[in-house]
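Participant: In case you want the letters, here they are:
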Amino acid sequence: MKFAIAVFAPAHAPASRRALRFAQAVLAEGHEIVRLFFYQDGVHSASANVVFPQDESDIAAQWHTFIQQAQLDAVVCIAAALRRGVLDEQEAGRYGRPAANLPEPWVLSGLGQLHEAAQAADRLVSFGGV
Amino acid sequence: MATLHVLSHSPFTDGRLASCLRVLGPEDGLLLCGDAVYALADASALRHPRLYALEEDVQARAVVAKAAVEVVDYPAFVALTLTYAKVNSWL
Amino acid sequence: MLIVSRQAPWAGPAAREALDIALAGGAFGLPLAILFLDDGVFQLQQGQAPAALEQKNLCANLQALDLFGVEAVYACQHSLHVRGLAAGTLAVEAQPLAAEAITALFNRFDEVITL
Chain A
1 MKFAIAVFAP
11 AHAPASRRAL
21 RFAQAVLAEG
31 HEIVRLFFYQ
41 DGVHSASANV
51 VFPQDESDIA
61 AQWHTFIQQA
71 QLDAVVCIAA
81 ALRRGVLDEQ
91 EAGRYGRPAA
101 NLPEPWVLSG
111 LGQLHEAAQA
121 ADRLVSFGGV
Chain B
1 MATLHVLSHS
11 PFTDGRLASC
21 LRVLGPEDGL
31 LLCGDAVYAL
41 ADASALRHPR
51 LYALEEDVQA
61 RAVVAKAAVE
71 VVDYPAFVAL
81 TLTYAKVNSW
91 L
Chain C
1 MLIVSRQAPW
11 AGPAAREALD
21 IALAGGAFGL
31 PLAILFLDDG
41 VFQLQQGQAP
51 AALEQKNLCA
61 NLQALDLFGV
71 EAVYACQHSL
81 HVRGLAAGTL
91 AVEAQPLAAE
101 AITALFNRFD
111 EVITL
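Protein chains in written order, with my numbering: chain A, 1 to 130; chain B, 1 to 91; chain C, 1 to 115.
Think of the hints as simulated: they come from the structure by calculation, not from any bench.
Check before you lean on any hint, since a few could be wrong.
Negatives, chain C to chain A, calculated, CB over 12 Å [claimed, not checked]: (1) A8; (2) W10; (3) D39; (4) A49; (5) A60; (6) V82; (7) G84; (8) L85; (9) A86; (10) G88.
Partial chain B-side listing against chain A, Cβ under 8 Å, derived [stated by the list, open to error]: (11) D35; (12) Y74; (13) V78.
For every residue, glycine included, the Cβ atom is placed at its ideal position computed from N, Cα and C.
Work out the full structure, taking the sequences as your base and the hints as a guide.
Facilitator: Okay, structure coming up:
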């Protein structure tokens with residue numbers, strides 16, 4: 001089956017970790033993830049500038065590794081991201097900001113990508129709050 | 001076309017569970033994760049037959065379930081989302 | 001897709017971001033509806049003056065929902081009632097729904113996002 005997974009929580013929130021473990025289980029069970037979509041405070045889960053203490057699970061880093069290894073389509077909502085200071089090189093340049101914190105394979109795009117993914121998938125599962 | 005409702009906020013500080021129970025259909029499922037598993041401590045509030053809780057959250061919080069509940073791990077969570085026609089997470 | 005908007009209007013960007021999901025969905029020509037639930041019904045209150053908080057008016061967007069392909073706007077009757085709001089006095093026309101009707105509404109759509 002095909003899943004679209006939407007993440008609305010930052011890396012430090014339990015809901016982001018829950019989304020990651022769910023996504024990993026989706027693949028482990030032999031299903032497909034058509035897209036991960038990060039919205040609202042979920043854009044912070046994509047930030048490369050999140051630093052966890054060494055004795056804690058680094059969920060932001062685990063998201064990045066998971067997406068890279070599974071070669072997933074991971075889209076961060078551009079409007080939500082700009083408002084919260086999550087920028088790729090192009091947007092940092094466009095708005096004259098000193099740093100970019102959204103490396104590849106994350107992609108900034110619009111909310112249409114959420115609807116497109118929901119249509120392509122058999123299930124849309126959202127994670128957020130706490 | 002039943003819905004799996006997913007909650008993660010404590011019912012003791014937040015109104016999501018109360019709102020969810022108001023609109024929960026008899027065929028709908030209710031999955032508690034995060035602090036929502038604290039709802040299991042009060043059996044009188046949860047008489048829903050299709051009640052599930054995420055194992056790690058129950059274990060981590062030492063919650064003693066006073067309501068009849070099926071405890072699920074992540075593979076079972078994935079299977080549950082396919083048992084129901086759609087998933088509605090109360091973000 | 002059914003979007004369930006539960007957030008009060010001026011507690012941060014959440015209410016607007018819920019609305020933005022609805023507005024973005026219109027382009028796909030699929031069934032799209034929005035339900036105001038819990039504090040979300042405060043978005044429908046008449047006479048709001050968000051300029052006092054340096055915020056843009058949400059109601060203008062809400063009134064244009066049909067232009068964006070949102071076929072129906074609903075409000076939870078219970079949520080309105082306990083907050084002292086009457087369906088006939090709202091800034092935006094919303095059909096009030098009892099609990100059973102909300103259960104049925106969830107069943108009508110392939111996807112639901114509650115935020």
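Participant: All hints are to be evaluated individually against the structure, with a verdict given for each.
Facilitator: Against the structure, the hints:
no.	hint	verdict
1	A8	15 Å, holds
2	W10	16 Å, holds
3	D39	14 Å, holds
4	A49	23 Å, holds
5	A60	18 Å, holds
6	V82	22 Å, holds
7	G84	27 Å, holds
8	L85	25 Å, holds
9	A86	30 Å, holds
10	G88	32 Å, holds
11	D35	6 Å, holds
12	Y74	4 Å, holds
13	V78	5 Å, holds
Hint check: no violations occur; every hint is consistent with the structure.
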